[in-house]
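There are 2 protein chains.
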Amino acid sequence: MLVQKYKDMLAGKSVIRELSEFATARGQEIGYENVFDYSLGNPSVPVPQAFTDEMIHMLANRETNELHGYSPSLGITSVREAVAASLEKRFGLPYRKEHIFMASGAAGALAHAFRLVTEPGDEILTFAPHFPEYGPYVNLTGAVLKVVPPDTESFQIHFGKFQEMLTEKVMAVLVNTPNNPSGVAYSAATLQRLADLLRQKSAEYGHAIYLISDEPYREIIFGGVDAPCVSAFYDDTIMCYSFSKSLSIPGERIGYVAVNPRCRDAETMVNMCGQISRGTGHNCPPSIIQFAVAKVLDKTADLSVYETNMEILYKELVDLGFTCVKPGGTFYIFPKALEEDAKAFCRKALAYDLVLVPGDTFGAPGYFRMAYCIATEKVERSLKALRRFVEETYR
Amino acid sequence: MLVQKYKDMLAGKSVIRELSEFATARGQEIGYENVFDYSLGNPSVPVPQAFTDEMIHMLANRETNELHGYSPSLGITSVREAVAASLEKRFGLPYRKEHIFMASGAAGALAHAFRLVTEPGDEILTFAPHFPEYGPYVNLTGAVLKVVPPDTESFQIHFGKFQEMLTEKVMAVLVNTPNNPSGVAYSAATLQRLADLLRQKSAEYGHAIYLISDEPYREIIFGGVDAPCVSAFYDDTIMCYSFSKSLSIPGERIGYVAVNPRCRDAETMVNMCGQISRGTGHNCPPSIIQFAVAKVLDKTADLSVYETNMEILYKELVDLGFTCVKPGGTFYIFPKALEEDAKAFCRKALAYDLVLVPGDTFGAPGYFRMAYCIATEKVERSLKALRRFVEETYR
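From first to last, the protein sequence lines are chains A and B.
Following the working numbering, the numbering of the first sequence begins with 1 at its first residue and continues without gaps.
Following the working numbering, the numbering of the second sequence begins with 1 at its first residue and continues without gaps.
For reference, chain A alone in the conformation it holds in the complex (with noise of 0.2 angstroms):
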């Protein structure tokens, strides 16, 4: 007999997906380059050079099983070394490979924080809006994600809502910043605010309280904005990085796990990281991949046109009187709808092929998220149809 929960979650469709497949579909109605898609965080920027030469260099070169065999379950010994060579030197906190899981990617690595720390049952808290898939990544491993209702001035954390929610049943709290689908990026004030309580109420109850940092975004920040490392804050934090969006690489499905080295137990906890994925049949991320990648720690793709779009969006959404918190990094942006019905508001946008994404899917009701992680001209373009959905609809 096949399992019902599976099965059951065939029924529900992914509105992001459903978008997506609207504006691939009208693209072959009117031309792709005339629907205005903003419903994808897919990386847009070419992969690094740097990337590519590595990659052909090692397969023109090297011995075919050393570059092809067997990873250790941990990841490549020389890749977890330079992962915290280089996580070291950028946030001055002491990784050594003892404390660097390699990981298929964030989702990977969140599998294995999950498990790390929680028994099915036991809670995890996020912020909304937060990124949807958290739901089945915490779910499905029988833990169960409780989600804090939004700060909607800055989308920072609401700690009223947040305080009430911290209950002796919470095990971890996952905070994603710079933010999807909001843009925005925690504060050092946040933070810092963020540990404190962590502190105190970890003292209160008795056990830890593990913050997991899920950060792909780390490395699309804007000019001048307050971006400080998480783990610089909090002892019992759990890095989860991926390259997809640094390196445009998401389909190499590549990132770690950084247990911060001040965590108590941060050696047997990479080491666990190992047990565990022989239950979700991980093993360990594509060598090849993983050897690429350390070549290339202190590069990223050109991202630069990802502010390029933001700063363009922001000022014509606020000209056209949206609300909206000025992303601090990533390729959102999420602005309150111009009615209660967020969803109402996205179908309506869609006659003027504006594909946006209400903000239910995200846990922040009355919001939609914009990804602006397309081309320039294309974002330019899309302003008259904004206007003119903004102004024969809402005026």
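Treat the hints as calculated values from the structure; they're not laboratory data.
Wrong hints could be hidden among the right ones.
Stated by the list, open to error - Stretches of chain B that chain A covers, calculated by requiring three or more beta carbons in the stretch to come under 8 angstroms of a beta carbon on chain A:
1. 1-13
2. 103-112
3. 281-289
Stated by the list, open to error - Subject to a maximum C-alpha distance of 20 angstroms in a straight line, what follows is the list of computed EDC-like cross-link-like pairs (lysine to aspartate or glutamate):
4. K13/B to E98/A
5. K5/B to E119/A
6. K13/B to D360/B
7. K5/B to E123/A
8. K161/B to D360/B
9. K5/A to E267/B
10. K384/A to D353/A
Predicted, not measured: the structure shown is a model, and the values here were computed from it.
Think of the CB as a built atom: it goes at the ideal place given N, C-alpha and C, for glycine as much as any other residue.
Fit chain B to the known structure of chain A by using the hints.
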């Protein structure tokens, strides 16, 4: 608090890994070429040039965002189509892309297969001798692996014991043919009898009993051996394949689930795999590797060395008086030790720099495994050590 079950697993040491570490350390003393390391099942023949060429060609020529972009969670459509076409051509079953789920190696494929058909507490049966990782792979899902004792005459299936253990609680039977560690391939007669029994018991119990067929060694079959396709015998078969051994790329984590097209819910099962992935953190195997294997589906590395090695070792073992079933494939052989305690036998062999793995690890005490995925020249040099070991210890 860290999850105890994973912490506890850290205490358990892998016998194979310990032996491999011994071999490495000993190699540093006397030169690795003088250590007859039969411990690890690590492919030793070069990767096919066609795979390398295809990788370089794509890196040099394809648009990077397309090449390294997100794969759909079921796998890249064109890759699934190519896999299905290749399976149909080869095995005569009407595979379509809807039956194929691309996975991160056989471990990833199995992780999905187990979750498809078992709830916590359900039983999966497998047959000794068996790949040791099946234990944690199954048990960490919450299902329970039970091992049917071996038929040591042939290393086919001990049907008497199997029938006793095939109770109503069994939701799946896991086979691995040709087998690690015995090297034996199940004959058509074995598979027919297995299928008949599963059909009978499925009807009796009123629920499907799925056959999960782990086939990483499928392409390593020796001359004249009867090694038919498992799926051809039983409709409810979930094939789990890996390219690790056929292409010598175990580090690249690529394989697939192929649900038998005749299985009642085949398409639903593949779609369910995409949901299971959300919990395991799998998402998809690396894109570039998916594209590359799709181009070389009908190629393999030059696997002939494994048969050459097998013939040399088998002849010598028989000459020396070992009881030994002749392997039909893989790069393993599984002779009976010359004393009851195979661990003692293997320990004594270390004095001759022969690194052998006791069968206890594989659920078959009294036997030992030799992984002969090493250079033929080294196999030949090892014969003298083997002979000296036997003559000085057991004559």
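Each hint, compared with the structure:
1. 1-13: holds (count 7)
2. 103-112: With 9 residues closer than 8 angstroms to chain A, the region 103-112 of chain B meets the three-residue bar; holds.
3. 281-289: Contact hint for the region 281-289 of chain B vs chain A: holds, 9 residues under 8 angstroms.
4. K13/B to E98/A: holds (19 angstroms)
5. K5/B to E119/A: Between K5/B and E119/A the Cα gap is close to 10 angstroms, so the pair holds against 20 angstroms.
6. K13/B to D360/B: Within the cut-off at roughly 13 angstroms; holds.
7. K5/B to E123/A: holds (18 angstroms)
8. K161/B to D360/B: Cα-Cα ~19 angstroms, so holds.
9. K5/A to E267/B: This hinted pair holds, its Cα atoms lying about 16 angstroms apart.
10. K384/A to D353/A: Holds - the C-alpha atoms of D353/A and K384/A are around 11 angstroms apart, at most 20 angstroms.
Going down the numbered hints, you'll see the structure goes against none, and every one checks out.
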